[in-house]
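Protein chains: 2
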Amino acid sequence: LARFAAIVNGVPDASLSVADRGLLYGDGVFRTFRAYKGLVNAWRRHFDKLSGDCARLGIGAPSRQVLEEDLAQALRAAPDAVVKIIVTRGAGPRGYAPPKAPSPTRIVSTAPLPQYPSGWAGGGIKVRVCDVKLSLQPRLAGVKHLNRLENVLARAEWDGDQFGEGLMLDCNCRVIAGTMSNIFVWSKATLATPALELCGVAGVTRDRVLDFARASGIRAEVRELGLEEVLAADEVFLTNSVIGAWRVRELGDRRWEQAEFTAVVRQALERHED
Amino acid sequence: LARFAAIVNGVPDASLSVADRGLLYGDGVFRTFRAYKGLVNAWRRHFDKLSGDCARLGIGAPSRQVLEEDLAQALRAAPDAVVKIIVTRGAGPRGYAPPKAPSPTRIVSTAPLPQYPSGWAGGGIKVRVCDVKLSLQPRLAGVKHLNRLENVLARAEWDGDQFGEGLMLDCNCRVIAGTMSNIFVWSKATLATPALELCGVAGVTRDRVLDFARASGIRAEVRELGLEEVLAADEVFLTNSVIGAWRVRELGDRRWEQAEFTAVVRQALERHED
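Residue numbers (the numbering used here), protein chains in the order written: chain A, 1 to 274; chain B, 1 to 274.
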């Protein structure tokens, strides 16, 4: 917390108006990713996703140039960090109605790289199935917006490092995602990841994995996924822009020993793209 | 906006840490109500609801005494105002996991009383049915939490004062609430309001109306409600702690002329309680 630093609307400043709709209603979107030596992998995708999510909510996104200036400023102070970019609809008159002349707020912050247990990246993680179910909301599905109480409640179901991640099902018991990650299964040389038209967040790393599969001639499906299919898969892995890809080693009674395809994906994700 | 004033953790200050989970995840709850001449009607209920909502999210609620001190400070500066109290889980390390030693943030703010069109309070309002549907989440239903994007999207469906409120249905097309209010129908001398076990916010004014009905020997039902039943009702009214009760005058092709029962409810809500 002490090393947390933030730039609000271009100004180094760790505070925000309490009239900001990001606080009042979660009326905004965000991105989280790693920087190494001041560089961000797949920055173009992150910017496009942020802009696209802003458009879904009708928020005017900051320009790429403005965000790149903020980012450069943040990364000069913390070149190796987890970066978070938040864009909110800004402050406005009281009430749910979006302001007629909104002035969006942008926040670029850095935090220390996470200290996950050393075995997780290579050896995989133990995963649980969360009790909290994701609700269905097509108007918000796929968007990384600031309404994340379901993720908070799900993550609160376990303490510390006993699990590396929790799987979230929707209220029809379809597998959707981890609390902070997307999920892929690899079975019979086919990759599959859940469709996210009704809930969940369509992450940038998920897109990168799908693009890698397509470019490599690997069959990849985006569709409904059941828990039985996850348990029966040859490999299961979880992705986000901080962890890359973690293989699942244990889920309930099921254990996975091999993770050859996941290792290939991990390597592909390390490759730098603009 | 200029007259917006806030007290954060007891200190007059209009800013907040951008590491606050209220902003990052909507990880908090709130209350909105009116003050007249420095007095808040039904304050005990507001405090109980705020505490209960904190408990639903596992957030340690501020004591009543602490909040009353904040409130007194805010109302000295603005005795006639809309008051908003927000309690968040506070700042913490990065990630969805609630901090092990959370330090909740409390924000008490005041804003000018709203300037609704003069006819609305007595003459009733025109209401629309919103396109955005409420998703079903029993873990959060009833709680006035900070994840309010569905309300924002619904309220964004119309401009200005052409409608006084929008009705929100759930994804099974049951009537749940207005974007900022609870709904009641009055038919054949029976009051009914939607059950809120799957979505919606169980407001303090809704409770006051139900208690008034019980105390007056009026039959009151809390149950599923369909749109046809709303359209067929003798009277329909909407409640919250800022507006009291507004009768619905028009919904689609349906117009209501009478509102005798709603007038009785309006009067009952004016009565001061501690």
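What the hints contain is simulated information worked out from the structure, not anything from laboratory work. Predicted model, so just to flag it, every value in this text is computed and none were measured. Incorrect hints may have been included.
Not close to chain B: a few residues of chain A, all C-beta gaps over 12 Å, as computed [claimed, not checked]: (1) 5; (2) 6; (3) 73; (4) 88; (5) 95; (6) 119; (7) 129; (8) 189; (9) 215; (10) 216; (11) 260; (12) 266.
Here are the simulated lysine-lysine pairs, DSSO-like style, with alpha carbons at most 27 Å apart [what the hints assert, rightly or not]: (13) A/100 to B/126; (14) B/188 to A/126; (15) A/188 to A/126; (16) B/188 to B/126.
Each pair of labels, with its calculated beta carbon distance range [what the hints assert, rightly or not]: (17) A/13 to B/112: 45 to 55 Å; (18) A/267 to B/58: 32 to 42 Å; (19) B/52 to A/139: 21 to 31 Å; (20) B/68 to A/99: 26 to 36 Å.
Built from N, CA and C at the ideal position, the CB exists for glycine as well.
Run the C-beta distances from residue 189 of chain A to all of chain B and say if the shortest one exceeds 12 Å. holds, 34 Å
That 45 to 55 Å hint for residue 13 of chain A and residue 112 of chain B (C-beta), does it hold up? violated, 27 Å
27 Å Cα cutoff - pair residue 188 of chain B, residue 126 of chain A: violated, 58 Å
Outcome of range test on Cβ distance (residue 267 of chain A, residue 58 of chain B; 32 to 42 Å): holds, 40 Å
Residue 188 of chain B paired with residue 126 of chain B [C-alpha distance capped at 27 Å]: With a Cα-Cα distance of about 23 Å, the restraint between residue 188 of chain B and residue 126 of chain B holds, given a limit of 27 Å.
Report holds if the minimum CB distance from residue 260 of chain A to chain B is greater than 12 Å, and violated otherwise. holds, 30 Å
Against chain B, does residue 119 of chain A hold up as non-interface, every C-beta pair farther apart than 12 Å? At roughly 19 Å from the nearest Cβ of chain B, residue 119 of chain A sits farther out than 12 Å, so the non-interface label holds.
When you look at the beta carbon of residue 88 of chain A, is every beta carbon of chain B farther off than 12 Å? Since the minimum Cβ distance to chain B is about 8 Å, residue 88 of chain A lies within 12 Å and the statement is violated.
Would you assess whether residue 6 of chain A, listed as outside the interface, keeps its beta-carbon beyond 12 Å of every beta-carbon in chain B? Since the minimum Cβ distance to chain B is about 5 Å, residue 6 of chain A lies within 12 Å and the statement is violated.
Beyond 12 Å from each Cβ of chain B, as asserted for residue 215 of chain A: Nearest chain B Cβ is 32 Å from residue 215 of chain A, so the label holds.
Checking one constraint from the list: CA of residue 188 of chain A to CA of residue 126 of chain A, max 27 Å. Satisfied? holds, 23 Å
How does the Cβ-Cβ distance of residue 68 of chain B and residue 99 of chain A compare with 26 to 36 Å: does it lie in that range? holds, 32 Å
In the structure shown, a violation is registered for the earlier hints numbered 1, 2, 4, 5, 14 and 17, in ascending order.
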